[in-house]
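Using the sequences and the hints given, assemble the complete structure.
Protein chains: 2
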Amino acid sequence: MTTYLDANKQRFLDELLELLRIPSVSADSNFKGDVRRAAEFVKEKLAAAGLDNASLYETPGHPVVYAEKLVDASRPTVLVYGHYDVQPADPYELWNSPPFEPTIRNERIYARGACDDKGQFYMHIKAIEAMIATDGLPCNVKVMIEGEEEVGSDHLGTFVAEHRDMLKADVILISDTSIISNETPSLETGLRGLSYVEVEVTGPNRDLHSGVYGGGVANPVNVLCEMIASLHDESGRITIPGFYDDVADLSDAERAELAKAPFVLEDYKQDLGINDVAGEMGYSTNERTSIRPTLDVNGIWGGYTGEGAKTVLPSKASAKISMRLVPNQTPDEITELFTKHFTAIAPASVSVKVTPHHGGLPYVTPVDSVEFEAASKAFEDAWGKKPIPTRGGGSIPIVALFERELGIKSILMGFGLDSDALHSPNESYGLFNFYKGIETIPYFYKNYAELKR
Amino acid sequence: MTTYLDANKQRFLDELLELLRIPSVSADSNFKGDVRRAAEFVKEKLAAAGLDNASLYETPGHPVVYAEKLVDASRPTVLVYGHYDVQPADPYELWNSPPFEPTIRNERIYARGACDDKGQFYMHIKAIEAMIATDGLPCNVKVMIEGEEEVGSDHLGTFVAEHRDMLKADVILISDTSIISNETPSLETGLRGLSYVEVEVTGPNRDLHSGVYGGGVANPVNVLCEMIASLHDESGRITIPGFYDDVADLSDAERAELAKAPFVLEDYKQDLGINDVAGEMGYSTNERTSIRPTLDVNGIWGGYTGEGAKTVLPSKASAKISMRLVPNQTPDEITELFTKHFTAIAPASVSVKVTPHHGGLPYVTPVDSVEFEAASKAFEDAWGKKPIPTRGGGSIPIVALFERELGIKSILMGFGLDSDALHSPNESYGLFNFYKGIETIPYFYKNYAELKR
Chain C
1 MTTYLDANKQ RFLDELLELL RIPSVSADSN FKGDVRRAAE FVKEKLAAAG LDNASLYETP
61 GHPVVYAEKL VDASRPTVLV YGHYDVQPAD PYELWNSPPF EPTIRNERIY ARGACDDKGQ
121 FYMHIKAIEA MIATDGLPCN VKVMIEGEEE VGSDHLGTFV AEHRDMLKAD VILISDTSII
181 SNETPSLETG LRGLSYVEVE VTGPNRDLHS GVYGGGVANP VNVLCEMIAS LHDESGRITI
241 PGFYDDVADL SDAERAELAK APFVLEDYKQ DLGINDVAGE MGYSTNERTS IRPTLDVNGI
301 WGGYTGEGAK TVLPSKASAK ISMRLVPNQT PDEITELFTK HFTAIAPASV SVKVTPHHGG
361 LPYVTPVDSV EFEAASKAFE DAWGKKPIPT RGGGSIPIVA LFERELGIKS ILMGFGLDSD
421 ALHSPNESYG LFNFYKGIET IPYFYKNYAE LKR
Chain Z
1 MTTYLDANKQ RFLDELLELL RIPSVSADSN FKGDVRRAAE FVKEKLAAAG LDNASLYETP
61 GHPVVYAEKL VDASRPTVLV YGHYDVQPAD PYELWNSPPF EPTIRNERIY ARGACDDKGQ
121 FYMHIKAIEA MIATDGLPCN VKVMIEGEEE VGSDHLGTFV AEHRDMLKAD VILISDTSII
181 SNETPSLETG LRGLSYVEVE VTGPNRDLHS GVYGGGVANP VNVLCEMIAS LHDESGRITI
241 PGFYDDVADL SDAERAELAK APFVLEDYKQ DLGINDVAGE MGYSTNERTS IRPTLDVNGI
301 WGGYTGEGAK TVLPSKASAK ISMRLVPNQT PDEITELFTK HFTAIAPASV SVKVTPHHGG
361 LPYVTPVDSV EFEAASKAFE DAWGKKPIPT RGGGSIPIVA LFERELGIKS ILMGFGLDSD
421 ALHSPNESYG LFNFYKGIET IPYFYKNYAE LKR
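Protein sequences, first through last, are from chains C and Z. Note that our numbering numbers the first sequence so that position 428 is 428, with each residue one more than the last. Note that our numbering numbers the second sequence so that position 42 is 42, with each residue one more than the last.
Because identical chains share one entry, a pair is satisfied inside a single copy or across any pair of copies.
Below 30 Å or equal to it, Euclidean Cα-Cα: the simulated BS3-like pairs (lysine-lysine) are: (1) Lys-9 <-> Lys-446; (2) Lys-340 <-> Lys-269; (3) Lys-43 <-> Lys-168; (4) Lys-353 <-> Lys-269; (5) Lys-168 <-> Lys-409.
Source of the hints: derived by calculation from the structure; they are not laboratory data.
Next comes the structure, spelled out in C-alpha cells:
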C-alpha cells in the first residue's frame, strides 16, 4: 500500500489540479457547463480507479455522480459522499493567484475548491484506487459525489429517496470538515444546520433626490440597517421570538469535553487580524462557533455603490442573511419564525419581501458507535494520535437527510484546517493533508471490516 | 420678444436635446471626455447667442465655461450660474428610454440632466440670445457654467477667488431649483447644505466561512447596520453629539408662512407609492425636507451580492452617507462631528475608516431685497401669479461660496418640479417649463434694471 501511494504521489496531485481547473460554481448559472465537465471528470476517474457502474444521474439541477464496487455481500458497505461543486470565487481581485489556476506555494495547493470539497473527496477516489490495486477492498464501497452542495443540495433529497436500494449501506463516510491542526487530529461529532434567506426592503417607488425628499421619506437602507440591528440584543442573543425554544443546551460535562480542544485566543485573533472576538455572552469562542446558533448578514446592497458621490435616496435595499442552527432547531421552523418576525418589525413606511434560499438540519454523530471507533482508530494508525472529538460550525445539510432517508449515520472524517480559507479568496489545501488523508482512509476500511466481523 | 421666442421654439429645443445627448457625468472618470465635449458645446452656444469672450477656464477637474456681454457700465450686472455636468444615470435598466437619448413623451423631455441642470441653465442662454436679438439687454450679463456641481464644485471656489474682478456683479441668478407646480409658481428663499462621507468597516482580514467562524467573529455588515441604526433615535432625531447645536430654529411666524405652500399628503404618498411618510417627530413633511437637517444612507455594500447563496462572513462593509444641513450648520463642523462619533461607536472587534467626500454650506435669501422683488415680479409678469416663497431641501453649495467670495446674493429662480425625478431614472423636464422659463427670465432683467435705476 505505502509503496503504491509513494509511487503514484505525483499523478494523484496532477489529477486533482486538473479537477481544480474546472470552475464548477453551482450558484452561478454562467458556469453550468463547467459544473457538468467536473461531473464527467469525476465519473471517468471513478471508473479508472476500478469502480463499477460509474455514471451520471441527471437531476433538475446539476447531476449526481455515482459508482460502486461490491466485493462481498458478507462484508459491510461504506457509502462515500462528497461534492464536486464549489463556492463562487469572487472577489477575484483578492486572490494572489487565479482561483481556477491551481498554484502550489509553500507546500499548499491554492485554488477554489482545493479543500472544499474537491481536494477532500478526491482523496477517497485515490484511496479506493490504491486498495483495489493492492490488497483489495476490505468493505464494499459506493461513491456518490453531488454538484449542488454549495446551493443547498436541492435535488439530492429526491435522488436519495428514489435510489434507496442502490445507496443501501452501513455507514456514510464524508471528508468535508476540518481537523484542529496537523499536530492535533480531530473528528467532528456534530454540525450546525442552516437557514438562508434573502430580504428586500422597498420604500419609495423610485430612487429619489436625497435633498428634495431626505428627512420626509423613509430611506430603505436606513430602515434595513435598523431592522438587521434589532435582530441581536446587547448580549449578542438573537431577538426573533421562539428562536431558542428548541436549542439543545449541552451539559457542563459535554461543555468541559469540548473545552479540551486546544485553543489559543491570541493566535485566533492574530490569524484573523482582529483586536477582539465577539458573540453571545456566556459562551466561549469555540462554543459560539459550534454549539450555539447564529445570524449573519452574508451580503448587503442598496443605492449608489459606484465611484464618487450620488445624493440618492434609494427605492430598495436588500440583504442575504443566514442563520446557523443547532440541535434541535429545524430550518423550516426557523425560516418561518424569521419571516414572520422580519415582516412584523417593518415600519409602515416600507414594504418587505423575504425569500427563503435553502436550509439544512443540524446533526450529531454518536461517539460510541463502531463506525466512530473505526474512524478514530484510523487516525491513530496513520497519525499515531487519538483524534479529539469536536463539534463543527459548518453545515452539510445532506447528513441529516441521509439519516432520515437511508437510516444510517455519517462519519465526518475531514482533513482540512480552519485556516484553509474555505469560501474565501486564496482557499488552499495542504499537500500534507491531501496525502495523509489518502493514507488514513484505507485504515478506516480495514478497521471497520474487522470491528463488524 | 414673444415673436422671436415663438419663431425659434423648435431650434431652442433641438439645441437642448443635442446637449442632453452628451453623457457629461462628472462623478465617473470614464465620462471625462464627454464632460469636456459638453463644456465646448456650451461655449459655442454662448458665443452664438451674442456674448463676448466665450471661453473655457481649465481647473484641476472639469473646466468652467464663461462668457459676458457688458452693455453699459451704469446698468446693474447679472451673473448667471449653472452646471453642465449631470448625475450618474444608473441604474440604467430602470429607464424607459436611454438616459442619454432624449425622448419626448407627453410634453416632457426624458433624459439625464433634462431638468438638473442642462434644461434649466440652457433657458438662460436662449433668453439672453432673445434679448440681444430684439430689444437689447437691460442689464450687463455674465454667464458662468461649471462642470463639477454634482461632485461638490471642488475647484469652483479657487476659480471664483482667482477671478473676483471678472465675476464682479450685483446679483447671481440661478435656475437649478423647483416650483411648487405649474399652477403655483414659487421662489426658493433657502437651501440646505451638505456633508457627504464614505465609511468602511473592517472585521477579519479576509472573507470567512460563516459556518466555521459565524457567531464568534464580529460580522462587519451586522456591525455597520448597528452603527447606522444608532445614528437616529426613536423620535427620528440624529444622535451625533452636537449635531443640532447650531441649527437655526424658525419662529412660529416663519413656520406658518412656509405652511402656506399647498401640500396634499395623500397625493405625496401616492406619487411615491408609500403607505406612510417618516421623519423627525414634531415637524411637517415640508419642514422635514427643508428646514430640518437629515442623515441618509445613499449607498451600502458588503459581502456576496451575486446570484444565489454564499455563506460568507465578509471582511468589509461600506456605506455612502450624506447629511443635509440647515442654517447655521457648516459641512466642516458636521463632517468632523460625524467622523468623531462614528469612530467612537465602533466596537473593538472592527476597525472603521471615514472618508469625507464633499460638502456645501446652507443658504438663505433675503425676501426684502430688490433682487428678490425683481424675480417675484418676473413670475407675476409671465405667469400672472405672485410666486410663493419656499425653502428648498436640496443643496447648491456654491451659493454660499458666492456670498463669501463675491459678497453678493443669489436668486434661486428655478422652473423644475419635484416630480421631475432629479438624480433618478427617467428624469424629465416639461416643455412648458422650458419655454415658460425662457419667457420669464427677460422680465427679471427688465424689472431689475428698473428697480435699480
